[in-house]
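**Q** Just so you know, the sequences run in chain order A and B.
Counting in our numbering, the first sequence runs from 286 upward without gaps.
Counting in our numbering, the second sequence runs from 155 upward without gaps.
These are computed hints drawn from the structure, not numbers from a lab.
Accuracy of the hints is not assured; some may be wrong.
Unchecked claim - Where chain A lies over chain B, by a calculated footprint (3+ residues, C-beta under 8 Å): (1) 195-207; (2) 224-233; (3) 272-279.
Unchecked claim - Partial chain A-side listing against chain B, Cβ under 7 Å, derived: (4) S333; (5) D337; (6) L420.
Here the structure is a predicted model, which means the values were calculated and not measured.
All residues carry an ideal CB built from backbone N, CA and C; glycine is no exception.
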Amino acid sequence: MRLVTQEHIDGLKHLLIPVADDEWMMGHRGSEWLALAPDLEEDLALSSLSQDEMGHAQLFYDLAHGLGEREADYQVYHRPADRWHHAALTARPRDGWAEWVVRRYLYEIFDSVRRRAFSQIPYPPLLAALKKMDLEESYHLTHSRSLMRALAFGGSESRAYLDQALKTDWPLVPDFFEWSGPDDFWAGFAVHDLAPSVMRSNVQSVVQRDFSDWGIAWPGDFGPASRKARHHIGSDELAALLNEMREVRQVAPASNW
Amino acid sequence: MVTRQEVLHRLQAVHDPEIPDLSIVDMGMVTDVVVTNDSVEVTLRPTYIGCPALDWIKSAVERALEPTIAEVQFNMTALWSTSDLSEQGRDRLKRFGIAPPREGGEAVECPHCGSDDTHMTSPFGSTLCRSIYYCQHCQVPFEAWKTLGRA
Chain A
286 MRLVTQEHID
296 GLKHLLIPVA
306 DDEWMMGHRG
316 SEWLALAPDL
326 EEDLALSSLS
336 QDEMGHAQLF
346 YDLAHGLGER
356 EADYQVYHRP
366 ADRWHHAALT
376 ARPRDGWAEW
386 VVRRYLYEIF
396 DSVRRRAFSQ
406 IPYPPLLAAL
416 KKMDLEESYH
426 LTHSRSLMRA
436 LAFGGSESRA
446 YLDQALKTDW
456 PLVPDFFEWS
466 GPDDFWAGFA
476 VHDLAPSVMR
486 SNVQSVVQRD
496 FSDWGIAWPG
506 DFGPASRKAR
516 HHIGSDELAA
526 LLNEMREVRQ
536 VAPASNW
Chain B
155 MVTRQEVLHR
165 LQAVHDPEIP
175 DLSIVDMGMV
185 TDVVVTNDSV
195 EVTLRPTYIG
205 CPALDWIKSA
215 VERALEPTIA
225 EVQFNMTALW
235 STSDLSEQGR
245 DRLKRFGIAP
255 PREGGEAVEC
265 PHCGSDDTHM
275 TSPFGSTLCR
285 SIYYCQHCQV
295 PFEAWKTLGR
305 A
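So that you can see chain B by itself, here it is in the shape it has in the complex (with noise of 0.2 Å):
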């Protein structure tokens, strides 16, 4: 039989389509992993309601698990916000070229050369979850996570 333990390191495995290294249990998708006699039922929230890769990570979440049998749910409402965020997913984020989020306003850190002085151009960058920033100091636009925060 698996272990929850075994379970989690083998999530690490299954990031996200579009920003390779980030894992799901460093975003903070995995709320659940419920080990029974021969399955696992994990569940998983996204990140935000409408983003298209759920399926994709569905699969890849059964397929990580194999030969055990996985019963991936998503609860499509529970609330995620930025700060669920692991400290090594925003490291990883930051190796991608993609700040991680600042909350309470704070200026977003270039990832390219690491100044604040940079302003946001966009709130909407090329996914749900990011925007879209520029720094005065190396002058280029870079992409910064979304700060998405606790109603």
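With the rest of the complex left out, here is chain A (with noise of 0.2 Å):
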């Protein structure tokens, strides 16, 4: 595809720096359970999992720089909080080991949905970023449902850990399925996949059918999203994460990633 106009363009942006912030995100989120993770074999994997999630981001935030946008230092070290875009949940403050779980499953469905509509989009240095890309994340898909089975199955004890966690990410899911960039923008690029009606549906299908064969009461069709989805003006909870993101930087401006 040809991105002949500025119109595709900016579109492609629009969809670019989400997918970036809510990659970069689950992986500093998921960097700071590093050490704090129930056992030794998690914590190696959290160390790989936020690895690959922020060099993914890093990859992303590299294609919308080569549309126009500023560098993937500058998205990540200096950019104000009311510029980024990625869905609230991914951001949130570390909870308990269940609720992460929950989220990083939940993240991870959306995730897939998400890169097989991308994978649609005709420009080729997308399609092969996200080739590459799949290789890596097909391990995050088996690894997130081990750990969703390990919780419904593991007794009544943890089974309540899942319904808190589910509770509480549950109102949060919605928020996934939205773009930041004007109304119906996407429209342009012509895939059906990429509509937050049909991404919505996609994901449920996936989420329904594991529940039910892990056994968990389905919560509810998801919500309509918030307001203001992927848009964080005036967050105390995200400036608060940027500050502590970016102390050492602040620290020493020439440090490199």
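Need the complex rebuilt from these two chains, each delivered in its own frame; the hints are there to steer you.
**A** Following this line, the structure appears as structure tokens:
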């Protein structure tokens, strides 16, 4: 596809930045669990998963940079809080372990549905990136499911943690499906699967099938997205996260990734 | 003027920082070497996108080719799979105590005793490119290179 119009170029940027931000936040919050995970294997897994996500984020920022956005270093270390466009669930402060397992699972399912939609955009640099990421992400999905199964079949105590975590995270899922650009900008790509309503129902059907396999009662269809989905103007939570994330860079401005 | 052959020979001395002995050539990371009048362009592909050793490897390549000026670039989206490891690379991994990957779900051989009686305990190991296994025969945990197939 030749990005002939400015609308196409802007549209791709509106698609790439939220994805990069989601991946970055999952990597950042995941890294906060290092040394706190319940066992050594999980600690190692988190280190790999978080490095993968941060690497993928960087690649998406690079793709956006190729289309005229500022470089990855700016996006991560200098961009003001009100210009971040991740879904709120990815950046929630650390909660319990079950909440992290549920968050990770819901995100991985959503992310795989979104990557499938993206792979229908005929922009070669994006397709090449997705192909390489898919190889790594297949491990993420398998791993997330195995942790969910462990919670679901771990007895009444772990089931109670799982139920509580679902109650916390479920209302935040619908924000995943929103984009941050102007209304319906994604329609310019003529990719049916990019529509928020389609992504929502695709995610819902995968999760529904998993839950039925694991004997988890369906918590109810996803509700509406929040009014300011993927916008975080005036969020103290995000300001605190960015401050902490940028602390080292502020002390040592010449340090690299 | 340095030859392409000589460049590849010198790159045999650039190792994975976490696996001494395993060169980036045997890992299949070197995808292109172009020799011009007074410089060399080396193109590398990462095994994993988020590999934290890339900057380190880049400067190691530049050092290994001195005094020739090397221009090193990473093609971040070039696919790499475990079948890109050379035979020599597989031997070196094994000698270091890391089981080389097996294709198609075949059992991984214990690098210590050679037994096939092993199972994976976690797909994620101490680095992005390793998984953790356990050998039933010698009852020792070990790491194996994580299998990454072609999409």
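**Q** Are D337 of chain A and chain B close enough, Cβ to Cβ, to be under 7 Å, as the hint says?
**A** Given a least distance of 5 Å, the restraint on D337 of chain A holds.
**Q** Establish whether the coverage given for the region 224-233 of chain B by chain A is satisfied; the threshold is a Cβ-Cβ distance below 8 Å, and no fewer than three residues must meet it.
**A** holds (count 4)
**Q** For the region 272-279 of chain B, does the count of residues with a C-beta closer than 8 Å to a C-beta of chain A reach 3?
**A** Holds, because 5 residues of the region 272-279 of chain B bring their Cβ atoms closer than 8 Å to Cβ atoms of chain A.
**Q** So, S333 of chain A near chain B? Judge it on the closest CB pair being under 7 Å.
**A** holds, 4 Å
**Q** For the region 195-207 of chain B, do at least 3 residues have a Cβ located nearer than 8 Å to some Cβ of chain A?
**A** n = 5 at 8 Å, threshold three: holds.
**Q** With a cut-off of 7 Å on the beta carbons, see whether L420 of chain A makes it to chain B.
**A** Constraint on L420 of chain A satisfied, holds at 5 Å.
The structure shown violates none of the earlier numbered hints.
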